[in-house]
Structure formats: structure tokens, C-alpha cells
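**Q** So the sequence lines, in the order shown, correspond to chains A and W. Those letters in the first sequence? Residues 316 to 601, per our numbering, in order. Those letters in the second sequence? Residues 237 to 898, per our numbering, in order.
By construction, these hints were calculated from the structure, which means they are not laboratory data. Small disclaimer: the values here were computed from a predicted structure and weren't measured. For each residue, glycine too, the CB sits at the ideal point set by N, CA and C. Don't take every hint at face value.
EDC-like cross-link-like pairs, simulated, lysine to aspartate or glutamate; straight-line CA separation at most 20 angstroms [unchecked claim]:
#1 556(A) to 326(W)
#2 296(W) to 409(A)
#3 342(W) to 395(A)
#4 296(W) to 370(A)
#5 276(W) to 409(A)
#6 556(A) to 308(W)
#7 493(A) to 308(W)
#8 438(A) to 338(W)
#9 296(W) to 474(A)
#10 330(W) to 439(A)
#11 330(W) to 395(A)
#12 330(W) to 409(A)
#13 401(A) to 326(W)
Residues from chain W that face chain A, not an exhaustive set, calculated with beta carbons under 7 angstroms [to be verified]:
#14 302
#15 303
#16 304
#17 306
#18 311
#19 334
#20 335
#21 711
#22 712
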Amino acid sequence: MQNPVNFVTILFIILFAPQAYAESLRVSPEWLNNNLHSKDLIIIDSRTENDYEIEHIAGAISLSHELTYQQKQQGGNIVEPDVMQKILQHRGIDNTKKVVVYDGGEMFDASRVFWALEVYGIKDVKVLTPGYQYWSAKSYSVNSDIPRLEPGNYVPSIDHRKIASKFATQLATNSPGKVIVDARSYNAYSGKESTAKRFGHIPSAISIPVSVNLMKMDGVPSLRGLKELADVYAHLPKDKKVILYCEVGRVSSTNYLILRELGYDVANYDASWREWGNDLNLPIEK
Amino acid sequence: MKWQSLSIRVQLTLLLGILLVIVQLGSLWVTYWFDIKERKTLAVEQAETLGRSLNHDLLKAILNPQAAIYADISFRLTGFYSVNSLSLQDQQGKQIYQYQREGSVKTSDTTETFSDEPYFSQDYLYLRQSLDADGYSFGAVDYVIDLSSYKTRLDEHLLTLMLIFPLELLIGLVLAWWISRTYTLPFTELAGAMQESDVEGNLFKKVSNKSMNELGVLYDGYNSMVHQIETKTGELIHLSEHDSLTGLLNRYAIEKNIAEHLRVDMAGSHVLMLMDLDQFKLINDAVGHVAGDALLRQISQIAVDVLPEETLIGRVGGDDFYMLLPNSTEDIAVEYARTLLLDLQEYRFVWENGEFNISASIGLVSFNAHQYTMAALVTAVDTAFYAAKRQGRNQLHIYRHDDNRVKQYNEDIQISAVISEALQDGPARFELYAQDIIPLQYETEKISYEILIRMRDSKGVLCMPGQFLPTAERYQLMTEIDAHVLWMYLEAVCGQPQHMDKLAFVNINLAGATLNHPDFQARLKAAIDKFDFPWSKLVLEVTETSAVGNLLLASDFIKYCRNNGIRVALDDFGTGMASFEYLKHLPFDVVKIDGNFVRDMLVDPVDHAMVSYVHQISKLRNQETIAEFIENQEHLAALKEIGIDYGQGYHLGKPRPLSEWL
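Given the sequences, and given the hints that come with them, work out the whole structure.
**A** Encoded structure:
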């Protein structure tokens, strides 16, 4: 009885592991345009509600990246489960649906929503790149209609591997199996500037600024190609767990997206530097 | 194959085997059932333990919903491999958190599946726990526990049991076989003993068993039964092989032994003897069968005492004994036979104040294995025996193949055949002769004679009485001959009135045994009725008085004769056994003095005195006397002088055919 289970497990790993290893988590505007009216597909506009109300991809619903914070001013902590439950139930989002998230094209907001959805257990989430600017430039279908939402039955569950607490990050500073990546600018990493009281970075963290993931395509911002990015992250060992942070866990979400695509085991320290840098009890490096 | 045809051992083994399988399957099932129960209890306990350990965190998650707390719970839950999923509900029953194990199957449960009582499906345990703090319920948590890990262990356990099962069965069957073998062995042994027992040989195998239970009783019972059978069979065999009177072997047994000795190869020779008492019949008749039986027993004892221990002695007829000396030579056997004859001769048989001398005749033949057939050997020993008999009393005869006497015996057989012929319709026949009996004390015109017998065979050859009467005696034909002669004579003379007028008296011989023979007595009575004969002229001359036997019966018959006018004479007086006794007790009218005394009376004064005394005694008893063997004038003169009434002999007249007298 055990053997068939083992066998299925092995089969599962054989079939799905390579995909997890380098799974594209992005969709192209062309693809989305073709599948715009697909049932079960929920298109999420992660921009601010104002932007959404002005105009959005036809059929998209709004889930602003701002909703993914408890209190953005105090830090990047992810929104509370009971709040998230309401947000997702209201929008009819659950694991029975395919989700595509987009923003203007900068990818920070889309990445943040992508990450938050993954943390809250939504499995099939992809990101549109290039984003809305490209979409509208291509004159794909947009409008300002707010679709009627069918409430879902979402119950919160947390994928703890995709979120890192202060405690987990503390442990990671001394763990040989973990790598901490600072997604802020090199200036911030090197302590020349800071949004917190203190200057520097979390001990043992390496610096991979978010900007390495991005490029301009026909004048609109977009993610760089996966192959290119693989080279960028080549020095990052794949057998180690990666913990990302930035100011408020927003831009580091982009790194999170890329590393997920590349097959890393990666978590986002959502409270980020705004928590660590302000907690005088925690060690820092410069 | 039929169940009944299977041996007890196989049946027991099968039954025990089946029992074993049933018990094992039963215990297997019970074990499995308890196992399941135990593992369910274990699963519930572990789930409850988990619940208690998570209780605090879950409470915190309800009261202070933070992603970090939830993440912590998720993280901790990943450590519990058996937790398939978990669902947290707040006070209102609203689901506020759920955990689904990575890679696990999402169960299709609803909140209704859960209750306070643990519920087991095929693969999962559904359990609801209330989240309590200080007696207040803040919500509930539903666990779905994957039982596969328990099941796996259960299956492993079951597999182990299943693997052990055939081993146990094997051991059990071996034990069953051993037990059934142990328990059927005594029966097999008993059956074997029964089969091995030689019933014909009366050899039964005894069995022994240490058991003191039913088996012991069975074995004891069998042994006791066998013992009884052996004893009884032994008695029966003894009875069937022994003569009840003497305790010697009977004819069947002795003949079986003789046949055995003829059959089994042996270097040495064996000797077979046939013995017969010379006057047994007389004693038997004289003093009765009880005495005869006693005599036979005593004779048997003498034979047993005299003959060597290994001798097989069997009584084969009235007073006939076979004596087989195994592995013995003729010379040794002859010594024994002579000793036996001597001992018998010296022996006096005493019965009710009477005393009898006895003697025996023995025929003897030595033989080797395969030399004779049984019939030929019996013929040989018979031949030797009759040869001995013929020689007179107290004789031993040894069989020789070319023996004259043996040849004579063979003639005997032929003669007896001729006698039988003569008694029937011929062609052989008897002829009657008559010899003068002359009154010595007076002159008379009348005639008197003794009737004598001759036999003419089919070829016309005349046989003298000495040639065939001994044979007739041996073949018990005398009574018939005597009656036949009487009848012939009466038929011959009854038609001759002149002759009967001339006749003073006629003496007709009777053998001793004839006198008391009922056949003869009946014939005589028939003759008296039939023939018109002057019966007062008939004198019955009884020879061999010793053979008369029962004197009382004889006396009665003699009285009968005398009532009819018939007189009775005692023949050959002076010789023979206990003659005076007979003379004294039987009412004879005439005494015929034995010729031997007459023949020698002129030279032997004792014989002369004997004749004289007999005459004097007879006169005292008012009996007439006849003297035989008168061969010359001197005899005649001497007898006349003594006063003998009648004389007979060649000097007075030779026997002539009766026809010449008529």
C-alpha cells in the first residue's frame, strides 16, 4: 500500500518538479487577450482603486496592492487573515479559479498582490507582463465597467514557506541553509540611506536590487526574460532557502516572483527594513 | 475418496488442521479487530494531544488574527505528518483558517462530518475540538487526520501475521500429525497384533501399553480376551486331538503326526506300532464297559510308562493303539515293544473281585520320510499286526515287505471275500460234513454226529475250516457262519423223516461270541418257529467259551434253549480262559473234553487224571461227557474205562459229507 503511494509521489515529482524548477508565472498580453472571456479566469487589477475606476482591462476586478498591508505606514506586514478572507470572499477568489494579476507595468504592485495571494494559499496565480501600459498601447480591450462579483467561499490558509517573520529572519542570519537578499538599492544596502532609524542591512544579507529584474520594452516597463534573469541570479545557490526584504516588502515581491519562476524556495520578509531597521534590539550590518 | 476410508490418523490430522485454521483465522481476525481499535484510539489520542498543543496558538489566531500567527500554525502543522487538514472556526462557526497538507488529498468533508465524537472513514479520522479557555468556548477546530500512517503500520502488522500464519499452520499441522500419530499408534499396534495373530496355530500376540486410561482398559481387555481364546482354543485343540477316555492322542491327531513324519525330511527312521488287546472284547462283555474303560486307561498308562517319552501314542479304535516312535530304529522299537508285551502279560486286571490276565499283539513297521504313503503305511502296520494276531496271543510281528505272513494276510482279505460270497449267493459256498459221535457205554442203532463246515470257492477248491475260520473270526463273520450252518443243516434234514428217526442227536458248533449275539438268537427263534425239527436232538456246542462274555445273558439264553429241548455243550473243556468258572456258572448239559488231554492221556498220567476228573465232576453235575481225538483202540478202551459217555475221532469215524448220511 505504501509502495503505490511512493510511486505516485515519485511520479508526481518527475512530472511536476522540472516545471516548478523553472515555471513561467507570467502571461503575455496576447495570451490574456485571447483568453479574456475564459470562464474561471479572474483578472485582478492591483493598481490603486482610482486608477481602476478610470479604466482597466475589460472584465478585471480591483484588488489594490494597498489592501495587502495592515498599515503601510508602519511596515509591510501582510494584511490580517480575517481581512483577507473578506477581500477574497467578496471577489470570489479561491483555489477553483485561475488568477492573473496586473499593474501599470512596473511590476511592484502586481508582484506584491501575487505574493500576498500565494501566501494566502491561492495556487494558480500569474502575472501579466508587460503591464497595463503595454496593454492599452496595444489597444486591447479596456473599460471602466465594474463587473458584478460573485462572492466566494474562501477560508484563509497560510503558506508559511512564502512568508518570513522577524523571528524566521533572525534565525536565517545565522543559518547556513538560508540566504537573505536585500532588494533595496545598493545605497540603502550599504547604509548610505535609510527609511528607518538605523542605516545598513540585515546581517549576512546580500544585495540584489530589484532593478535587475526590470527593463523597458518599447518604452513601457516590463520584466526581463527568464533566461536573462537566470544568469543574473546564477550566483544564488538553489539549494538554499532565500529570504527577501526591502523597505516594506513591496519591491522585494518582484524578486520573489522572479525567484519563484526560477525555482527557488523563497519567502518574503514582509515587515522588512521598516521593522528591522527600527528595532534597536536587532543587529545590523553596513 | 470417502471420509470413512481415511485412516484415523489422517482424519485426526485433517480435523485438527481445520480446527487450527479456524482458530487461527479467528485469532487473526480478533487481533486485527483489536489492532484497528487500538490504532483508532491511538489516532484519536494523538489528535487530541495535537489539539491540546495547538490550543493556545489557535486561540491566539482567533483573538488576534495575524498572518504571522497563522503562518506559525501552518509551519507547526507541517510537522504533524498525520494531519491531513485543519479547519478553524470562530465562535459563530465561521471558518477563519484552514490548513491543507501539501500534496495531500482534499477530503470532501463538510462541517457536518465533524462532531464531538471522533468519526472514522476509510482513510481519515474526523475530529472536532472545542477551543476553550477558562470554561468559555471561543471556537472550534476540525481535524482531518490521515490514517494511512496508522494503516500502514496496521497493514505491516497484518502482513507479519499473514506471513506467520502459514508457518503457524505448518507447525500446527506437524503437531497435529504427531499427536494423531501418537494417539493412533496404540490402535495400529493393536490392529497389527490382531493381524499377526495366528489363529490356526493358536498363537496370539500379546500387547502392552503403559496407559492407564481407556487405552489401558482396551489393551488389558484385548490381552484378557486373547488369553481366554488361547486357553479355550488350547482346550479345544487338546479335546480335538485327544481321546477323552485315555488322554492319549485320538485317531485324527496321531494320523496327522504320522503324516507329518512321512512328509518332513529326516535322516533317521521312525517306527510305527499298532497294538491291540487280545481278549479285550471278552472282558468288556464279561464285566461291562465301565471295566473295559478302566482297563483301557490302565493299559494306556502302562504304554506311556514303558515307551520313551517322545513316543506319540494314540487310541484309534476300541482297543487299538498306534504308537509312533519318532527318530527311532527298528531294533530299539522292538526292545520297547517286547518290554511292553511283557509288562502287559505280567499285569493283572482286577475288577470287582474278578482278576483277568491280559495280553496284546503288536504289529511294527519302521519307515523313513517319503517311504510310504499314509495309506500304504497303515496297510503295512495293519498287515504286521494281523500277522502277529494270527500267531496267537502276546505276539510281536515286524513288517517285512516280502513276509510270508504278510502274504497270508493278503490271502486273508481274499478269503474273507470268498466267505462273504459263500454267505450270500455264491458262486462260492459252504458244504456241511458230519463226524460220528459214538456212545461208549452202550450199543445203539441210532446215529449221532457233529456238523463240520467246509467251504468250496468259485473254482471248486475245497477249503478246510482252519483255512478260513480264523479269517472269519478276525472279520467278525462267525455269528453269520454259525447261523448259516444251522439253517443249512435244518433245511437239509427237515425233508428226511427216516433220517431224523435214526438220529439220536446232532452237535452244531457255535463260536463263543455267537451265543450272546442278538442276531443269532433271533435266527434260532425264527428257526424254531419255521422248522419242524425234534429240537431235543439238537446240541449247541459252544467253543471259545472265554468269548461268551456276559454270563448272565448267556445263562438266560441257555435256559431258553433248554426250555425248547435244545441242549448246550461246552467244547474244548480244559483249555482256554477261566473254563471252570464257566462250567460252574453256566448250565451246560454236555462237556466236551479238550482233545489235547485225550491225545496224551496214555503217556501222560496228568492228562489221564485230568480226563478222569472232568468226567467225575461232570457226573456230579449230571452232565454228559464227550471225548475227542480218539485215534486208536487204546484211547477208546481207556475212555470207556473212565466212563466217558461219548467218543469222537478218526478211529470212530472220519467226517463225511452230510449228504452221504442222508
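**Q** Work down the list of hints and note, for each, if the structure agrees.
**A** Each hint, compared with the structure:
1. 556(A) to 326(W): This hinted pair is violated, its Cα atoms lying about 34 angstroms apart.
2. 296(W) to 409(A): 25 angstroms, violated
3. 342(W) to 395(A): Violated, at roughly 25 angstroms.
4. 296(W) to 370(A): Violated: residue 296(W) and residue 370(A) sit about 42 angstroms apart, past 20 angstroms.
5. 276(W) to 409(A): 34 angstroms, violated
6. 556(A) to 308(W): Distance ~17 angstroms between residue 556(A) and residue 308(W) Cα, so the pair holds.
7. 493(A) to 308(W): Holds: residue 493(A) and residue 308(W) sit about 18 angstroms apart, inside 20 angstroms.
8. 438(A) to 338(W): 12 angstroms, holds
9. 296(W) to 474(A): 18 angstroms, holds
10. 330(W) to 439(A): 25 angstroms, violated
11. 330(W) to 395(A): Distance of about 16 angstroms is within 20 angstroms: holds.
12. 330(W) to 409(A): Since the Cα atoms of residue 330(W) and residue 409(A) sit roughly 16 angstroms apart, the hinted pair holds (cutoff 20 angstroms).
13. 401(A) to 326(W): Given that 20 angstroms is the threshold and the Cα spacing comes to 14 angstroms, the pair holds.
14. 302: Where the cut-off is 7 angstroms and the nearest Cβ of chain A is about 6 angstroms from residue 302(W), the hint holds.
15. 303: Because about 5 angstroms separates residue 303(W) from the closest Cβ in chain A, which is inside the 7 angstroms limit, the hint holds.
16. 304: At about 5 angstroms, which falls below the 7 angstroms cut-off, the nearest Cβ of chain A leaves the hint on residue 304(W) intact, so it holds.
17. 306: 4 angstroms, holds
18. 311: 4 angstroms, holds
19. 334: With a minimum Cβ separation of about 4 angstroms from chain A (threshold 7 angstroms), the hint on residue 334(W) holds.
20. 335: With a closest approach of 6 angstroms, the residue 335(W) hint holds.
21. 711: 112 angstroms, violated
22. 712: Residue 712(W) check fails; min Cβ-Cβ to chain A is 111 angstroms, beyond 7 angstroms.
Hints 1, 2, 3, 4, 5, 10, 21, 22 from the earlier list are contradicted by this structure; the remaining hints agree with it.
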